[in-house]
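Engineer: Just so you know, we're using my numbering here: the sequence shown kicks off at 1 and counts up by one.
One should not assume that every hint holds.
[Unchecked claim] Computed beta-carbon distance windows for the label pairs:
| id | residue 1 | residue 2 | range |
| --- | --- | --- | --- |
| 1 | T4 | G47 | 24 to 30 angstroms |
| 2 | E6 | G47 | 25 to 31 angstroms |
| 3 | P17 | V37 | 28 to 34 angstroms |
| 4 | L5 | G47 | 24 to 30 angstroms |
| 5 | L34 | D13 | 14 to 20 angstroms |
If you're looking for bench data, these hints aren't it; they were derived computationally from the structure.
Nothing here was measured: the structure is a model prediction, and the numbers come from that model.
Quick reminder that beta carbons are idealized off the backbone N, C-alpha and C, glycines included.
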Amino acid sequence: MYWTLELASYLEDAPWPATKDELIDYSIRSGAPLEVVENLQELEDDGQPFENIEEIWPDYPTKEDFFFNEDEY
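Kindly generate the complete structure, drawing on both the sequences and the hints.
Structural biologist: Here it is as structure tokens:
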């Protein structure tokens, strides 16, 4: 399983919190690439919903990860 920013971006608008099956269904309905569906199928399913993308990909960059000073613009 591998994630890239492009693949993870397909889940940004997913209905969080969501179970593994709900995320797979969402990614299929939204037209995400097959790699996204395959990555979701490889996740361990303990029955608990995922609260956000960071629970699936802990290294997912957040807004704080970018060195962008919004006050300058």
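Engineer: With reference to the structure, classify each hint as holding or not holding.
Structural biologist: Hint by hint, here is what the structure shows:
no.: 1; hint: T4 with G47: 24 to 30 angstroms; result: 28 angstroms, holds
no.: 2; hint: E6 with G47: 25 to 31 angstroms; result: 29 angstroms, holds
no.: 3; hint: P17 with V37: 28 to 34 angstroms; result: 19 angstroms, violated
no.: 4; hint: L5 with G47: 24 to 30 angstroms; result: 29 angstroms, holds
no.: 5; hint: L34 with D13: 14 to 20 angstroms; result: 19 angstroms, holds
Hint compliance for this structure: hint 3 alone is broken.
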